[in-house]
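Which chain is which? The protein sequence lines are A and B, in order.
Just so you know, we're using my numbering here: the first sequence kicks off at 1 and counts up by one.
Just so you know, we're using my numbering here: the second sequence kicks off at 1 and counts up by one.
Do not take every clue at face value.
Below, a sample of chain B positions facing chain A; criterion: calculated Cβ distance under 8 Å [claimed, not checked]:
hint, residue
1, Pro37
2, Arg56
3, Pro86
4, Ala89
5, Leu104
6, Pro106
7, Arg144
In short, the hints are calculated from the structure, not lab data.
Every value quoted in this text rests on a predicted model; they were computed, and no experiment measured them.
Just so it is clear, CB atoms sit at the ideal spot from N, CA and C, and this is done for glycine as well.
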Amino acid sequence: MPERLTREAQRLRPALVLVLAMVLPVAARAASVATAPEAEGAGADGVPLPVEIHAFASQGYLRTFGNDYLVAHSTLGSFEFDDVAVNVTDDLTDRLRVGIQLFANALGEAPGAFAVGVDWFYLDYHFRDWLGLRVGRTKVPFGLYNEFNDIDSARVPVLLPQSVYPLLNREILLAQTGAELYGYIRLHHAGALDYRLYGGTLYITPPSPPVPPPFGAVTDFQVPYVAGARLLWETPLDGLRFGGSVQVLRYDETVALTPPGAPATTVAVGLPFVLWLASAEYVGHHLVLAAEYGRFHATELSRVNGGAEQTLPTPTNERYYVSAAYHLTTWLTPGVYYSSYSPDYPKANALETLEGEFSTTTATDRFQNNLAVTLRFDVNPYWLVKLEGHYLVGTADLSSAINGGRALATLTRNWGAFFIRTTAFF
Amino acid sequence: MNLRRAIAMLLVLAVPALAARGDTSPPFEVIVSPATPEQVVSREFLAEVFLKKVTRWDDGTAARPVDREPGSVLRQRFSDEVLERPVDAVQSYWQQLIFSGRGLPPPELTSDDDVVSYVVAHPGAVGYVRDGTQLRGAHLVRVR
Chain A
1 MPERLTREAQ RLRPALVLVL AMVLPVAARA ASVATAPEAE GAGADGVPLP VEIHAFASQG
61 YLRTFGNDYL VAHSTLGSFE FDDVAVNVTD DLTDRLRVGI QLFANALGEA PGAFAVGVDW
121 FYLDYHFRDW LGLRVGRTKV PFGLYNEFND IDSARVPVLL PQSVYPLLNR EILLAQTGAE
181 LYGYIRLHHA GALDYRLYGG TLYITPPSPP VPPPFGAVTD FQVPYVAGAR LLWETPLDGL
241 RFGGSVQVLR YDETVALTPP GAPATTVAVG LPFVLWLASA EYVGHHLVLA AEYGRFHATE
301 LSRVNGGAEQ TLPTPTNERY YVSAAYHLTT WLTPGVYYSS YSPDYPKANA LETLEGEFST
361 TTATDRFQNN LAVTLRFDVN PYWLVKLEGH YLVGTADLSS AINGGRALAT LTRNWGAFFI
421 RTTAFF
Chain B
1 MNLRRAIAML LVLAVPALAA RGDTSPPFEV IVSPATPEQV VSREFLAEVF LKKVTRWDDG
61 TAARPVDREP GSVLRQRFSD EVLERPVDAV QSYWQQLIFS GRGLPPPELT SDDDVVSYVV
121 AHPGAVGYVR DGTQLRGAHL VRVR
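Bound conformation, chain A alone (with noise of 0.2 Å):
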């Protein structure tokens, strides 16, 4: 069993018991609503509530033009990019609910190595309409689109945009365990309230050590907190939403360094992480426009051997984007977005990546600018295809590992990628 594979496993055994304690009397149910329809009530009328199964399966290709990105050799075309899930909700009465869903992807794996795992799972307690309780493993609610950054049938691009939606930060941003209180408000003529607050930890495989072993080793990493919220207001013209979001979490982390000929040194680093997102949104008819606009920072605590704690800092990233989508017809909806990251705020803001694309003194790694398009066929209810291009500007957000070891800054400067995607989904 791969390494990272038997140490999830090993930290989600308390919770595996928990699903099994949750699953058993769904299967259970599950096969004696299958054998009788006419069987027990479970809702609070008598009447039987059903249990549901639904699944999804993606597979699609990339092919970048310049540079690597997501997967090692993209260059030369790669299939690397697969999800498959499928999870089981059961509404046990008309206010407590349970689900799972298993998931697995290959983006950038060696070919045959999905990792499966448990994405969600919960018990969801709806006092009212305006509070809920869930406790589980839940997705993040972090902007307008987090949540669904790996459920391809709900959107219209094949890449949300990255420089909100980082696929390969997904461990960081896409699911937390703990608890979430949740509701939704009716403010009448003043619209209504979405609110979601949650609070827990994160189960993230531990970054390599600064030295790699034998001379560096990560003796301990663990996540103490992570904790957000987000509140969405939806106006009173229909489909306007406005809203923000705010995530606060910290690593931990102990590293031991052996260096040949030198004392052996244990450092002891703290990572606070703050994280926010401006949202707005429009869904009329057939048009849905999207802005998102945010900041992520860290700040770095660190003791070496004991000693006093000293900060160091941390530059602050800014991200944002705009997009647009038309349902043209039942069958076709295009899309198109901009996005920008810019790894060091303020000394390359908005205006200044804007910029960058223009001057050739902005140095590479300073930004990265994104223009994508996307057509999106929904062939039938169950069955989609994306074919998408991105022409793409900087080179900060990508990875010097897949691009041969170089530094950002010698990566080329105006690339391209290309996807297509096909997901069916019931």
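With chain A fixed as given, assemble chain B onto it according to the hints.
Using the frame of chain A, we list chain B on its own:
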């Protein structure tokens, strides 16, 4: 009959037909279960019920929306007029909720009779059927 009168008569007859050509889908009626007291609902509230943002009627009864199948012309009209978005946009909305674990769509039935049967059998249920469908105990709700 002279030519001018003939042309005028043709126009009088043709204009309504031309106007109607833009909307050939049948009108619908919104129905609720016999025990549901509501007689009038706002379009916004009805949309919130069908998108499951609101799950209760004013008296606290669970609201149970029931839909038609995605290819139904009646559903297209209901989706355009009440939800104010096309059916495929609504389906994307449900895909978001299903695969993020946030919710499940209403059941989808394939005939007006099935919708009436569901609404009559499920307290708090709400659905839509073609004008003139036999309601068998369900009652109409006016949408303002």
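Hints, one by one, checked against the model:
Interface hint at Pro37 of chain B: violated, since its Cβ lies 15 Å from the closest Cβ of chain A, which is beyond the 8 Å cut-off. Checking Arg56 of chain B against chain A: minimum C-beta separation of about 6 Å stays under 8 Å; hint holds. For Pro86 of chain B, the shortest C-beta to C-beta distance to chain A is roughly 5 Å, which falls under 8 Å, so the interface hint holds. Hint status for Ala89 of chain B: holds, given a least beta-carbon distance of 6 Å to chain A, under 8 Å.
A distance limit of 8 Å between C-beta atoms decides the matter here; for Leu104 of chain B the minimum to chain A is near 5 Å, and the interface restraint holds. Interface restraint check: Pro106 of chain B against chain A, minimum CB-CB distance 11 Å, threshold 8 Å, status violated. The restraint placing Arg144 of chain B at the interface with chain A is violated, with a minimum CB-CB distance near 14 Å, outside the 8 Å limit.
When the structure is compared with the earlier hints, violations turn up for hints 1, 6 and 7 and for no others.
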